[in-house]
Amino acid sequence: MATHPPKLKTAITANERLQNLKNTFETKYGESPHFYACAPGRVNLIGEHIDYCGYSVLPMAIEPNILAAVSVNKSGTITLANTNPQYKDFTVSCSEDIAIDRENPKWHYYFLCGVKGIQEKCGIAHLAGMSCVVDGTIPPSSGLSSSSALVCCAGLVTMEANQKSLSKVALAEICAKSERYIGTEGGGMDQSISFLAERGTAKLIEFQPLRATDVKLPDGAVFVISNCCMEMNKAASSHFNIRVVECRIATKMLAQARGLDLSRFMKLVQVQMELKASLEEMLALVGEVLHPEPYSREEICKVLGVTSEQFSTELLSANTQHVKHFKLHQRAKHVYGEAARVLRFKSVCDSEPAESVQLLGDLMNQSHASCRDLYECSCPELDQLVDICLKSGAVGSRLTGAGWGGCAVSMVPDEKVESFLQAVSEAYYLPDPRRAAMEKQSLFVSKPAGGAAIFLDE
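For the record, in the sequence shown the residue sitting at position 189 is 189 according to the UniProt record's numbering, with numbers rising by one throughout.
The hints are simulated quantities; they were obtained by calculation from the structure and are not laboratory data. Cβ coordinates follow ideal geometry from the N, Cα and C atoms, glycine included. Watch out, some of these pointers could steer you wrong.
[Unchecked claim] Straight-line alpha carbon distances no greater than 20 Å define the calculated SDA-like cross-link-like pairs of lysine to any residue that follow: (1) 7 to 34; (2) 28 to 91; (3) 121 to 187; (4) 346 to 358; (5) 28 to 107; (6) 324 to 304.
[Said to hold, decoys possible] Restraint-style ranges between C-beta atoms, simulated for each label pair: (7) 313 to 277: 29 to 39 Å; (8) 214 to 20: 39 to 49 Å; (9) 305 to 125: 39 to 49 Å; (10) 280 to 125: 48 to 58 Å; (11) 28 to 262: 48 to 58 Å; (12) 450 to 417: 34 to 44 Å; (13) 123 to 263: 29 to 39 Å; (14) 284 to 438: 42 to 52 Å; (15) 10 to 416: 34 to 44 Å.
Using the sequences and the hints, build the whole thing.
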């Protein structure tokens with residue numbers, strides 16, 4: 001795999017979307033773009049809410065992406081526009097410190113996360129002026145990584161405009177870190193697959209160090225994405241960060257129970273590594289140490305030997321200060337169980353047994369049950385959609401992405417794809433006028449797409 005994002009010479013006129021974007025850019029700015037950059041969305045096949053705990057995940061990039069047309073200038077400003085009129089124009093001075101308002105997560109702040117990350121990593125004192133028009137085909141707040149793809153696209157744009165050279169791995173790590181400026185404490189899966197994806201293969205993404213391994217998906221089935229049409233913005237709500245915090249506290253409680261130095265442990269994987277235990281042994285430890293009833297702040301402080309003030313400043317994030325009770329047993333049980341399912345999923349793909357499709361479907365179904373019951377990151381609409389997908393011929397179906405809305409991903413045997421799409425349409429989309437209006441971009445077959453790239457007009 002090439003170490004740096006590709007620069008591809010492309011006949012813009014031969015690509016309708018690029019040509020339309022070029023026309024929009026020229027109408028707005030009175031000049032042609034110097035280059036284009038794209039970053040794909042992704043669907044996570046299995047491994048939900050475990051990347052920020054240090055565990056491997058198994059996503060693939062998808063064709064819907066974020067595309068930007070860019071010109072570089074000496075204006076001293078970065079001007080952003082979007083082809084979607086609901087996203088307003090924004091201009092920021094290159095000479096000012098880039099401020100990101102996490103209380104107000106508008107689209108341009110995600111772009112500025114990517115700009116700021118590259119500026120800080122490369123030590124750029126004076127950013128190049130840029131004019132940009134952004135076009136996105138990833139449904140927002142759908143669990144397909146529209147936000148992270150925008151951050152990644154912005155990071156790639158900023159690197160190119162300022163004549164820097166960074167590897168895919170470096171870009172992924174910078175963009176994962178910089179998205180936290182907007183308040184989302186993610187683990188890096190979305191940015192990693194956006195840069196490290198390759199057409200035709202899913203990837204096992206491992207962390208510390210970051211690396212990606214090809215995973216050949218079995219013949220005989222495809223993955224279908226379906227949107228439940230309930231949106232959830234991670235940065236605008238606290239659900240996501242509450243789960244991050246619960247895993248962090250569970251880590252400390254397990255470390256305390258085994259007499260480990262608490263200051264060294266922030267992620268559940270670190271406790272496993274220190275104890276040299278299997279995932280099955282960690283699940284047993286969770287059952288032994290953490291009670292299923294929710295923990296109060298007072299109980300956690302007492303067990304860990306910390307003050308209420310230390311608890312708030314060292315373990316909670318800005319938007320989780322209000323939380324009073326924490327389900328540590330359930331969250332840790334999901335993480336260790338899901339981490340094991342990821343490894344089994346890859347093992348089935350590698351060994352290609354005759355019943356591969358059914359085995360992978362079973363793992364996806366177990367994953368959804370765990371997300372629903374232990375991690376509590378599903379919602380009634382997603383559960384209904386997953387149930388319809390299974391009744392319509394999928395061998396496995398599960399929520400994908402953060403949850404609380406967004407998409408399900410289903411594994412469907414080749415011979416059932418057409419009847420599956422029709423059955424899901426009739427059972428979930430057509431009875432509801434709002435869903436029916438969204439069906440075209442909400443229900444589609446997805447094949448593994450390539451990663452982020454720069455395009456130059458031939």
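(request) With respect to the beta-carbon atoms only, verify the hint that residue 28 and residue 262 lie 48 to 58 Å apart. (result) Given a distance of about 54 Å, which is inside 48 to 58 Å, the answer is holds.
(request) Could you see if the CB distance from residue 305 to residue 125 stays within 39 to 49 Å? (result) holds (45 Å)
(message) Please check whether residue 123 and residue 263 have a Cβ separation lying inside 29 to 39 Å.
(response) holds (30 Å)
(request) Measure nothing beyond the straight line between the CA atoms of residue 28 and residue 107; if it is 20 Å or shorter, mark the hint as holding. (result) Measuring from Cα to Cα gives roughly 19 Å; hence the hint holds.
(message) Can you tell me whether the CB distance of residue 214 to residue 20 sits inside 39 to 49 Å?
(response) The hint (39 to 49 Å, Cβ to Cβ) is violated, given that residue 214 and residue 20 are roughly 34 Å apart.
(message) Can you tell me whether the CB distance of residue 10 to residue 416 sits inside 34 to 44 Å?
(response) At roughly 36 Å between Cβ atoms, residue 416 and residue 10 fall inside 34 to 44 Å, so the hint holds.
(message) Just to be careful, I want the Cα atoms of residue 324 and residue 304 compared with a cutoff of 20 Å; is the pair within it?
(response) holds (16 Å)
(message) Holds or violated: residue 121 and residue 187, Cα atoms, limit 20 Å.
(response) holds (19 Å)
(message) I want to verify a distance hint. Is the separation of the beta carbons of residue 284 and residue 438 within 42 to 52 Å?
(response) holds (44 Å)
(message) Given a hint of 34 to 44 Å, does the C-beta separation of residue 450 and residue 417 actually sit inside it?
(response) Given a distance of about 23 Å, which is not inside 34 to 44 Å, the answer is violated.
(message) Just to be sure I understand the hint, the distance between the Cβ atoms of residue 280 and residue 125 should be within 48 to 58 Å; is that true here?
(response) holds (52 Å)
(request) Please test the hint of 29 to 39 Å on the beta carbon pair from residue 313 and residue 277. (result) holds (30 Å)
Hint violations for this structure: numbers 8 and 12, all remaining hints satisfied.
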